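There are 4 protein chains.
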Amino acid sequence: MSDVAKSVGKGLGIGLIGTGYMGKCHALAWNAVASTFGDVARPRLLALAEASAELAHAKAAELGFATATADWRDLVANPDIDVISITTPNRFHAQMAIAALEAGKHVWCEKPMAPGFADALAMQAAWRRSGKVAVLGYNYIQNPAMRLIRKLIGEGTIGVVNHVRLEMDEDFMADRETPFAMRNEASAGYGALDDFAVHPLSLLRFVLGGVAEVFGEMARPYADRPHPDGGRRAIENYDIAMALLRLESGASGLLTVNRAAWGRKGRIQLQIFGEAGTIVFDQERFNEVQLFRREGMEETQGFRTILSAPVHKPYDRFIPAPGHGLGFNDLKVIECRELIGRIRGEEACVLDFDDGIAIERTVHAIADSFAKGGWIKVNA
Amino acid sequence: MSDVAKSVGKGLGIGLIGTGYMGKCHALAWNAVASTFGDVARPRLLALAEASAELAHAKAAELGFATATADWRDLVANPDIDVISITTPNRFHAQMAIAALEAGKHVWCEKPMAPGFADALAMQAAWRRSGKVAVLGYNYIQNPAMRLIRKLIGEGTIGVVNHVRLEMDEDFMADRETPFAMRNEASAGYGALDDFAVHPLSLLRFVLGGVAEVFGEMARPYADRPHPDGGRRAIENYDIAMALLRLESGASGLLTVNRAAWGRKGRIQLQIFGEAGTIVFDQERFNEVQLFRREGMEETQGFRTILSAPVHKPYDRFIPAPGHGLGFNDLKVIECRELIGRIRGEEACVLDFDDGIAIERTVHAIADSFAKGGWIKVNA
Amino acid sequence: MSDVAKSVGKGLGIGLIGTGYMGKCHALAWNAVASTFGDVARPRLLALAEASAELAHAKAAELGFATATADWRDLVANPDIDVISITTPNRFHAQMAIAALEAGKHVWCEKPMAPGFADALAMQAAWRRSGKVAVLGYNYIQNPAMRLIRKLIGEGTIGVVNHVRLEMDEDFMADRETPFAMRNEASAGYGALDDFAVHPLSLLRFVLGGVAEVFGEMARPYADRPHPDGGRRAIENYDIAMALLRLESGASGLLTVNRAAWGRKGRIQLQIFGEAGTIVFDQERFNEVQLFRREGMEETQGFRTILSAPVHKPYDRFIPAPGHGLGFNDLKVIECRELIGRIRGEEACVLDFDDGIAIERTVHAIADSFAKGGWIKVNA
Amino acid sequence: MSDVAKSVGKGLGIGLIGTGYMGKCHALAWNAVASTFGDVARPRLLALAEASAELAHAKAAELGFATATADWRDLVANPDIDVISITTPNRFHAQMAIAALEAGKHVWCEKPMAPGFADALAMQAAWRRSGKVAVLGYNYIQNPAMRLIRKLIGEGTIGVVNHVRLEMDEDFMADRETPFAMRNEASAGYGALDDFAVHPLSLLRFVLGGVAEVFGEMARPYADRPHPDGGRRAIENYDIAMALLRLESGASGLLTVNRAAWGRKGRIQLQIFGEAGTIVFDQERFNEVQLFRREGMEETQGFRTILSAPVHKPYDRFIPAPGHGLGFNDLKVIECRELIGRIRGEEACVLDFDDGIAIERTVHAIADSFAKGGWIKVNA
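Protein chains in written order, with the numbering used here: chain A, 1 to 380; chain B, 1001 to 1380; chain C, 2001 to 2380; chain D, 3001 to 3380.
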């Protein structure tokens, strides 16, 4: 029986900050990426940081990290660590990412970059100075079905795209009796616009490009919510947001997001209309793409349901048979592989801090337009 | 063997102007309404008017009318005629409807009322003066599934509605090589906004009510089309229109229509979000309603597909078994029965000229907003 | 104004026996066929027969027939009547059809031909002697979507068919507390096998051909039902039937029918597997055909949903726009047009008494196989 | 920074034999189970066996195992190994499982147990003697949606089940020009019956129980395939199999499998009919359950689509938000956790060698029935 350890190429040294849902997702991805893809050395899970030493220790044991700390700066200072996963609440992203980049680490940071745009710009600047890789956790773009959509559009399968519709809906704020919480305060941001809009906008950017001009509108399904201390308190931001879009490509579009949409659980619907066909996608069935092409006999034209399959890379690295279905967490494993690819200097499919800035600029422009009541240029 | 004719209650005397698709639909409805419903006397199909005497005669034979004429004023002058169906191109509606109403006829007029709003207002005024019944051919509201939706909303099944999304798409202008035609000229109107928007707006009005304020946007999928005389000619109106809506009820919404949407054939999708549930409807599967209600155990909640059934009146007058499916033309038969009911003074489910004005006012407000770049109040 | 009556070609003289659901359907079809198709003279609705003179008279007024009678033989004796629609309970079909054919009438008879196979054979013999047209009311085959399926198979779009699956389900016997009734007695026949199997078998025959050999199985979801007189009474026949099929073409298949299938309202699902593709159809969405073809790039292969459209004849006679949807009753209008075509000596798409015998022979073979426990040849 | 290794409870020692698709799946599961569930010690991946030392070494590096060997008996002999994953071709299962069990190891063996029933019985006997845990890799039962179905049935949500339909279809043998291979020889087994039937039967067993009696039928879509050496060679087994079922519970059913079904990629459809409702499931959309319940107002009854959610345990261990979707490989992680639970003496949701025998006995009975042409009792 041969001992394997010595022969393994030295994998990247990994540090993880945060162990909420996204932290767990990153950890699962770091654990799985080598086994799944078979073409990268197994990452070395060196250190995990959490708010308390106790939690850090417990989570490190659970997630397979060798050491634990209550001080995330320990990771930044650790010379063996090559990449730092940042999965803390958004308001901590900027300081952590900037410190990591300045210490020469690559950064894998959850989206959005930061609640305030100035912080996001500072992150971008630090990244540009660093020469390191900085990747945002826009995992929906990693879906092989989404890559198929990008490929189809790129190859002209539906011709020049002239119109898009983007919707994102969940129902975690749909119950009007959900108590008033910090997320309902104005200081927590715009509401659904912050929570959701970056996701469909990331998909739009990935498959089609950026937005030139927006007109925004926001709405409150409910005026108030019960306050934990008794009585009701007025909601200060918006559980619904809408925007008319003029894309850089010249296409028209609209975006609408709703976090009070009963029955919608993880819906991100894209409808993409082109001069030769239409593509429809719904994240709730994300192993499927709907494609209509104006071709062949009219009598047999129709929307076809394409099931994800090994032919749609890198689905094949997970399952050799078609139609068996990837899971949401698998998208993070793909993202992890792309990050490693980017670090290795390969062509990689990621959204970096420049992309992040473009997406967040669009979000802020929508809010700005809503405040001013007119069209706003995103890059003005 | 008994002779039936003498015993039959004298049915309404009917005149029909126009025999295009909607004319045929009216004729089929007049032929079928008594057999289908069994509670109205068979209408007497007295006279049909078409552009030429020859066509009128041939169509009268085909559609079961007793006499034919090339002059629609013959119908207005005929004292035996009680109701006139007006199914000509929109630009003729006003003069015909006004003449018929002034002659004491009831009017069943296809939508929209008129290309120009002044004409529509004149029709409304003539109707109000006449004391007669005037019904617009908004047949989509006659769908038992749509009545179910109205009933569910009315009974509070999904609670107070706070957000709606309306889409209508077809693809008859999707081919960029379809030759330039009159419909692409500015003089033909706004484009998709005129062609389509009244339909979803009629459904919205029927199930929920009116629109208070709009912000409009229009777009051209293609800049030009081949001109029959050679070369290409710039398209002057818009195959796509979008609008943000603020409803009279306080709900937010959006509307988008596209007559260049490849693969969409008769799609009118409604998404209606309420405080206790969500309703989704798609005209391409118009015998189905999707309903989500927040009730019962969370583990078995989900959107349910309700198939039209005898319990959804008046489906039962067509088919005694559930799930067998009404057809598009059946909706016109229901509309015909409602029209008769309105004439008989019964509670009836129709959109009259007041409703028509409200709908068309909304359309014009969207166009106006697009021109001005700001929100427009519909009733300003 | 010209008088139309004199100029109309003399249409067929029609008699109708029975005014239950199917009787109403026939009447609606006779009223609509000329207006819908525009290429046949308007039928003259001469006489209607019902069980009582009073009902006959009332229904004649409702359905547009000129005379009414309580004696169906009056219709047979009426020299002006060309076609007799037979829509009475199945046990009366044989005597009526035979009398009508012997009197030189064409016959349009609802399916199945007769509860007993000997009666069905006698009908077939009378028909062959008569030289007249006899058409069975298998209206599901008249669906333009079903004709598309037949055309696709005929043209080899999915290659040689090697396997089929047929299911038909409704839920009108699903409630175990539905009182015991005549239909649950052995004397009423096999149960679901009689009620349903002819429908999918008619579709199979229409698109693919006949069945050579069967193995049958039947089952009772419930052992007994409450008896109206108190207590419970054992159910004597079967609400579920299944059969393995060996088709004349060599393809394999299976058939299963269930009249106690909660939630299924009018489901007839066909799955047809061929060497180059697969076709799936569900009557509950009968304006759609699902088609998979092994062609083109693998990455964009998938089942496509084809919506019924004018290109699928004769959908265009009802609606000039695609995707608007035919209704169940429209299928009877098409059947009526085909019947007239057959009478006029045109190529027509109908199932006649020979087809009916082949279908009913298959049903009886399934029952026979169930009784004997072995494979049965249908034509043995 | 604290060192984690010492504090971690000693996890199970794992050996893996085989690194094809299922071997990779086991490895991914062993790597992920602790991070995903958070309530088990991280397994120690000790040794991997493959056909050659070189491959074993490479795969061990990839999949995270500490040592590698070309002799699987090294794993059986290793006192630190607690559990052996057996993922080799089926014909090796018996000797490996028996050796492992006899050496006091727990066994996680891919399905089916063995090509020959005698071997399966020997495995069962060895397992019973051993007192160890033996779990079969029927991962489809681990789907939270499937557990929901079992729960709903168990709680009587659809009442007593009286009828089931099971279908499993893929298209990897649908191309008639796929060259003749070993799998087409009679010595390779029955064909689709072996490949597929155990899967729906495992689901049936899991949610409802066993099969008492069967009637089988098999069919060949194609008579022959091109032989690699030229010419064509007759196919010796069957790409399609069907069976009528009489369940132990008294319910009726049918099963059909087809490995030549164009367009079907991973379809396993269950239709389960009960006295109070119906459940439908399709593996191609395995994050959804369709449920119809006869309850409430008839006008809002319909099949509801339930999306997998945290409330459906253990979905919540993967994703805290509903509707985001598990992947096929996640099912193996759940299976791994159940296996550990069974080893720890907890209530666990697995199919063991007794279940495996019952399933495989059913498969052999179907083949036997086909050979003999009559009904066969499964436990005769």
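What the hints contain is simulated information worked out from the structure, not anything from laboratory work. What you are looking at is a predicted structure, and each value in this text was computed from that prediction instead of being measured. Virtual Cβ for every residue (Gly too), placed ideally from N, Cα, C. Honestly, I wouldn't trust all of these hints.
Stated by the list, open to error - Here are the computed distance ranges between Cβ atoms for each label pair:
# : chain 1 : residue 1 : chain 2 : residue 2 : range
1 : A       : Gly159    : B       : Pro1079   : 31 to 41 Å
2 : B       : Ala1051   : A       : Gly156    : 11 to 21 Å
3 : D       : Gly3209   : B       : Gly1156   : 57 to 67 Å
4 : D       : Lys3313   : B       : Gly1373   : 46 to 56 Å
5 : A       : Lys372    : B       : Gly1156   : 32 to 42 Å
6 : D       : Ala3234   : C       : Pro2226   : 26 to 36 Å
7 : C       : Lys2377   : D       : Lys3377   : 19 to 29 Å
8 : C       : His2227   : B       : Gly1156   : 58 to 68 Å
9 : C       : Pro2226   : A       : Pro179    : 18 to 28 Å
What the hints assert, rightly or not - Below, computed lysine-lysine pairings styled on DSS-like, alpha-carbon distance capped at 27 Å:
#  : chain 1 : residue 1 : chain 2 : residue 2
10 : A       : Lys377    : B       : Lys1111
11 : C       : Lys2377   : D       : Lys3372
12 : A       : Lys377    : A       : Lys111
13 : B       : Lys1132   : B       : Lys1111
14 : C       : Lys2010   : C       : Lys2132
15 : B       : Lys1010   : B       : Lys1132
16 : C       : Lys2377   : D       : Lys3010
17 : B       : Lys1372   : B       : Lys1151
18 : A       : Lys372    : A       : Lys313
19 : C       : Lys2151   : C       : Lys2111
20 : C       : Lys2111   : C       : Lys2132
21 : C       : Lys2151   : C       : Lys2010
22 : B       : Lys1313   : B       : Lys1377
23 : D       : Lys3372   : D       : Lys3151
24 : C       : Lys2010   : B       : Lys1010
25 : A       : Lys151    : A       : Lys10
26 : D       : Lys3377   : A       : Lys10
27 : C       : Lys2372   : D       : Lys3377
28 : A       : Lys377    : B       : Lys1372
29 : B       : Lys1377   : A       : Lys372
30 : A       : Lys10     : A       : Lys132
31 : D       : Lys3111   : D       : Lys3377
32 : B       : Lys1372   : A       : Lys372
33 : D       : Lys3151   : D       : Lys3010
34 : D       : Lys3372   : C       : Lys2372
35 : A       : Lys111    : A       : Lys132
36 : D       : Lys3313   : D       : Lys3372
37 : B       : Lys1111   : B       : Lys1377
These are the hints, each one checked on the structure:
Taking 31 to 41 Å as the suggested C-beta distance range, the pair Gly159/A and Pro1079/B does not conform, at roughly 59 Å. The hinted window of 11 to 21 Å between Ala1051/B and Gly156/A is violated, with their beta carbons roughly 45 Å apart. With their beta carbons about 43 Å apart, Gly3209/D and Gly1156/B fall outside the hinted range of 57 to 67 Å. The hinted range of 46 to 56 Å is satisfied by Lys3313/D and Gly1373/B, whose Cβ atoms lie roughly 53 Å apart.
For Lys372/A and Gly1156/B, the hinted distance range of 32 to 42 Å is satisfied, since their beta carbons lie about 37 Å from each other. Range check, Ala3234/D to Pro2226/C: Cβ separation about 57 Å, and the 26 to 36 Å hint is violated. About 27 Å separates the C-beta atoms of Lys2377/C and Lys3377/D, a value consistent with the hinted range of 19 to 29 Å. Under the hint 58 to 68 Å, the C-beta atoms of His2227/C and Gly1156/B, about 41 Å apart, miss the expected range.
The beta-carbon spacing between Pro2226/C and Pro179/A, approximately 50 Å, falls outside the hinted interval of 18 to 28 Å. Distance hint between Lys377/A and Lys1111/B is unfulfilled; the C-alpha atoms sit about 38 Å from each other, more than 27 Å. A hinted pair counts as satisfied when its Cα atoms are at most 27 Å apart, and Lys2377/C with Lys3372/D qualifies at roughly 17 Å. Of the pairs offered as hints, the one joining Lys377/A and Lys111/A holds, with about 23 Å between alpha carbons and a cut-off of 27 Å not exceeded.
Proximity of Lys1132/B to Lys1111/B is assessed by CA-CA distance (about 18 Å); at most 27 Å being required, the pair is judged to hold. For the proposed pair Lys2010/C and Lys2132/C, the alpha carbon gap of about 19 Å is at most 27 Å, so the pair holds. Among the hinted pairs, Lys1010/B with Lys1132/B is consistent with the structure: their alpha-carbon atoms are about 19 Å apart, no more than 27 Å. Between Lys2377/C and Lys3010/D the CA atoms are separated by roughly 67 Å; this puts the pair beyond 27 Å, and the hint is violated.
In summary, the hint linking Lys1372/B to Lys1151/B is not supported, as the alpha carbons are separated by about 38 Å, beyond the 27 Å threshold. Taking the CA atoms of Lys372/A and Lys313/A, the gap is near 44 Å; set against the 27 Å cutoff, the hint is violated. For the hint pairing Lys2151/C with Lys2111/C, the CA-to-CA distance comes to about 24 Å; that is within 27 Å, so the pair holds. This hinted pair checks out: Lys2111/C and Lys2132/C have alpha carbons roughly 18 Å apart, not beyond 27 Å.
A hinted pair counts as satisfied when its Cα atoms are at most 27 Å apart, and Lys2151/C with Lys2010/C does not qualify at roughly 34 Å. Taking the CA atoms of Lys1313/B and Lys1377/B, the gap is near 36 Å; set against the 27 Å cutoff, the hint is violated. Between Lys3372/D and Lys3151/D, the direct Cα distance comes to roughly 38 Å. Violation of the 27 Å bound is thereby established for this hinted pair. As the CA atoms of Lys2010/C and Lys1010/B are separated by approximately 26 Å, the hinted pair is consistent with the 27 Å bound.
Taking the CA atoms of Lys151/A and Lys10/A, the gap is near 34 Å; set against the 27 Å cutoff, the hint is violated. Restraint check: the Cα-Cα separation between Lys3377/D and Lys10/A comes to about 59 Å, which exceeds 27 Å; the hinted pair is violated. A hinted pair counts as satisfied when its Cα atoms are at most 27 Å apart, and Lys2372/C with Lys3377/D qualifies at roughly 17 Å. Taken as a hint, the Lys377/A and Lys1372/B pair is honoured in the structure, with Cα atoms around 17 Å apart against an allowance of 27 Å.
Of the pairs offered as hints, the one joining Lys1377/B and Lys372/A holds, with about 17 Å between alpha carbons and a cut-off of 27 Å not exceeded. A threshold of 27 Å between alpha carbons decides the hint, and for Lys10/A with Lys132/A the separation of about 19 Å falls inside it, so the pair holds. A C-alpha spacing of about 23 Å is found between Lys3111/D and Lys3377/D, which places the hinted pair at or below 27 Å, so the restraint holds. At roughly 15 Å between alpha-carbon atoms, Lys1372/B and Lys372/A fall within 27 Å of each other, so this suggested pair holds.
Taking the CA atoms of Lys3151/D and Lys3010/D, the gap is about 34 Å. The hint is violated against a cut of 27 Å. At most 27 Å may separate the alpha-carbon atoms for a hinted pair to count; Lys3372/D and Lys2372/C meet this at roughly 15 Å. The straight-line distance between the Cα atoms of Lys111/A and Lys132/A is roughly 18 Å, inside the 27 Å bound, and the hint therefore holds. Of the supplied pair hints, the one linking Lys3313/D and Lys3372/D is violated, its CA atoms being roughly 44 Å apart against a limit of 27 Å.
A hinted pair counts as satisfied when its Cα atoms are at most 27 Å apart, and Lys1111/B with Lys1377/B qualifies at roughly 23 Å.
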